[in-house]
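Sequences and hints are given; from them, build the entire structure.
Number of protein chains: 2
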Amino acid sequence: MSSSLVSTFLFPSTNLIITHATFNKTIITNSSLGMNNRMEGINSLAMELLYIQGTAKRSITGVHSRLVSWLPFGSGSFKKIPLNLIRLHLIKMSTDKITFLTNWHATPYHAPLYLAQAKGFFKNEGIKVALLEPNDPSDVTEIIGTEKVDLGFKAMIHTLAAKARNFPVLSIGSLLDEPFTGVVYLKDSGITTDFRTLKGKKIGYVGEFGKIQIDELTSHYGMSPDDYTAIRCGMNVSKAIINREIDAGIGLENVQMVELEEWLASNGRPKDDVQMLRIDELAELGCCCFCSILYIGNEKFISENPDKVRAFMRAVKKATDFVLSEPEKAWAEYVDFKPAMGSALNRKIFERSYAYFSKDLKNVERDWQKVTKYGKRLGVLEDSFVPNYTNEFLTWETEADQADPTGDQKRMVALQKEIASDGGFKRLDVQRVAAVTATA
Amino acid sequence: MSSSLVSTFLFPSTNLIITHATFNKTIITNSSLGMNNRMEGINSLAMELLYIQGTAKRSITGVHSRLVSWLPFGSGSFKKIPLNLIRLHLIKMSTDKITFLTNWHATPYHAPLYLAQAKGFFKNEGIKVALLEPNDPSDVTEIIGTEKVDLGFKAMIHTLAAKARNFPVLSIGSLLDEPFTGVVYLKDSGITTDFRTLKGKKIGYVGEFGKIQIDELTSHYGMSPDDYTAIRCGMNVSKAIINREIDAGIGLENVQMVELEEWLASNGRPKDDVQMLRIDELAELGCCCFCSILYIGNEKFISENPDKVRAFMRAVKKATDFVLSEPEKAWAEYVDFKPAMGSALNRKIFERSYAYFSKDLKNVERDWQKVTKYGKRLGVLEDSFVPNYTNEFLTWETEADQADPTGDQKRMVALQKEIASDGGFKRLDVQRVAAVTATA
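Protein chains in written order, with UniProt numbering: chain A, 1 to 440; chain B, 1 to 440.
To be clear, the hints were calculated from the coordinates, so they are not data collected in a lab.
All of these numbers come straight from a predicted model, not from anything done at the bench.
One or more hints might be untrue.
Since the list can't tell identical chains apart, any single copy or any two copies may satisfy a pair.
Simulated pairs of lysine-lysine, PhoX-like, Cα-Cα distance not exceeding 20 angstroms [unchecked claim]:
1) 329 to 128
2) 329 to 239
3) 97 to 123
4) 119 to 239
Put into structure tokens, the structure is as follows:
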């Protein structure tokens, strides 16, 4: 921990008694008070203050208790001095802990992050990381964008939208590539593969973005946003479908579909009673990359701490390698570290997420281009918008582009059906373009 | 959201092309550049920048992409200008969302906080609150103390210790009063009510503080810290006892004891196989107030946002009133908002926490005095330490002091046994000192 100068404030004109003082190593090298020359190289002074106002003694311990001052006396000289001789500066304590906010409560596909912590990979890289979980996914980019939290997870479309709203967030890598995302419904809802069957239905969404996506889709099918009722569900989309509060809701193939399949099975119903209208197909996007889950960060934090960010990415890469090479062991260790993961349902979600993990954590240029275009079509991004991602913190060789992304996606559908039916850990054998290294 | 000036930086001496600009409402009223008069009242300018260095075009989108500048031209005039004519200032986006970090993953005794969100009490008070959960309880005071998070929950002894380490945190109210806390063990561990039976045992603790407490206790019983093995368990103390990784661990009567009782019952064993050596009794403290769970906050945030803090406390008070008057309904609504709560175990933890909820949320002066004294005895607080709490944000009448705190504690033991056996929601009928209003 260390302290740094953050703001100036002048004390009420009164007498001041310093009751307690401790020194720290902060060097004040700049001042906006026109006293630069005098101040340079002087240690800051952290202290408790007791001051006298009229006849009353007042303490500012507990409110502005840590202050820095350049005083006309040396260290350790505690004496009563008139206030007009000094300037007080509030100091801010800082921490070397990196804060990381997940996109969702802890979820099986967060395994690489939690394992990097559990297995000491962050520690081995010389960094400390505090893992935080949100209660409302819509808070994440705002909190990271305002420097309250340093790094986090977020889907691609939200990462773009946040930047467009002036929240300076930047993607520094991928966790999940293109998990299938769409409108999830039960067959008995009356909804079919025809989008227009959503007319008159209640459709749940996570944050505001899902609604923007469905609203845009309606226009392609001769409908308007008035033709359905949108209900914001936060993290409880599956629960709302089960409770019949909504007829359908936006979800992921590897999460909400699995939750509903398991709920159906526990009620003696066939698992394929749950279906998905894939947004990428409805919107003719050609990929589900808008929902790719990314490692993101605050731009200022990233630009001021490039070595820490590189160390962070090395640690999660190592954890990803472990997850991919030893998924059984990785799952057991994740459950041990995070006991809330220890359910049969979560195990199935982990299996269904396995094929989506990005192996090299690369931001895929093709995906960013597609989703930026989609964001412009949605009216969320301006025409001049430049996508906010970089691969410069990935200090290993990344893979070449997919040779046949469309074919891969079809094969992924088949693979995920196989995993849904038989379980286990399987990944696509992706063919890459030879001798081309993808860069951002 | 709004933006504010946080730092100055000069651009490399080169030409600058502004490719995109948006205006916001920030008024710059001060400058350290000696240009105050010229700048006052000018709207700040947020923009994307593309600059030319040598022959290369470079974009700073994605790193320092949002900049404020006072430019020698009006709004909307995008033109190529020599850089030496302008000064660039980095702006920081800010949010009006209050961030709140709990002391633990979501737990039944957090009901008032989550219900204040679920029932719209925060919204009704005109504030927005983002609820965050930690993965390591030891991160909480450091994160709040460094202004990364505004408010949170933390036990009294940790709140004091954080302040003593220069992390400016302040308690602004109580959530749980004096939940019984101690060394939890199973009878077959060989541990008895005699503290000295801990010799040679593995004892789990949450963060570093539990170890300090046990180390201090050993000296009262003719033992040294070398006489036992301390194992840091974070939030997994109960699990470590079940897995026999530890022989005993520090826990709460209303949480870890319940977890172990239910585990015993599910294995056909008597619930009273789990026992607790209460730290307050071993250490002759006269109360379990060191473990009272408090509403805390960053001092700077609190001093700069007193109205927001008052509004926050009014909202959680309203939620507390609801929990106390309609516990069945409150529990159902909490589970609805936070489905992870929906287990028989959590219901029991909620019942066992019910009697501990502070009704008026007051910081109890007597408790703070005792725990401050205890902190000094532990060597964690200096002799001159002034406890860091205030009741000034509680805008309702608080209760008078307990007439017989020691007797109340004995009655609480009996009450909690009754609830453990029969379930339900019961609270002590506490006698108060007449005509005295407790103040901080």
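Residue 329 and residue 128: within-copy, between-copy, both or neither at 20 angstroms Cα: Classified as neither: same-chain Cα gap 24 angstroms, cross-chain 41 angstroms, threshold 20 angstroms.
Alpha-carbon proximity between residue 97 and residue 123, which holds within one copy, between copies, both or neither at 20 angstroms: within (11 angstroms within a copy, 32 angstroms between copies)
Intra- versus inter-copy proximity for residue 239 and residue 329 (alpha-carbon distance at most 20 angstroms): between (30 angstroms within a copy, 19 angstroms between copies)
Alpha-carbon proximity between residue 119 and residue 239, which holds within one copy, between copies, both or neither at 20 angstroms: between (33 angstroms within a copy, 18 angstroms between copies)
Checked against the numbered hints given earlier, the structure breaks only hint 1 and satisfies all the rest.
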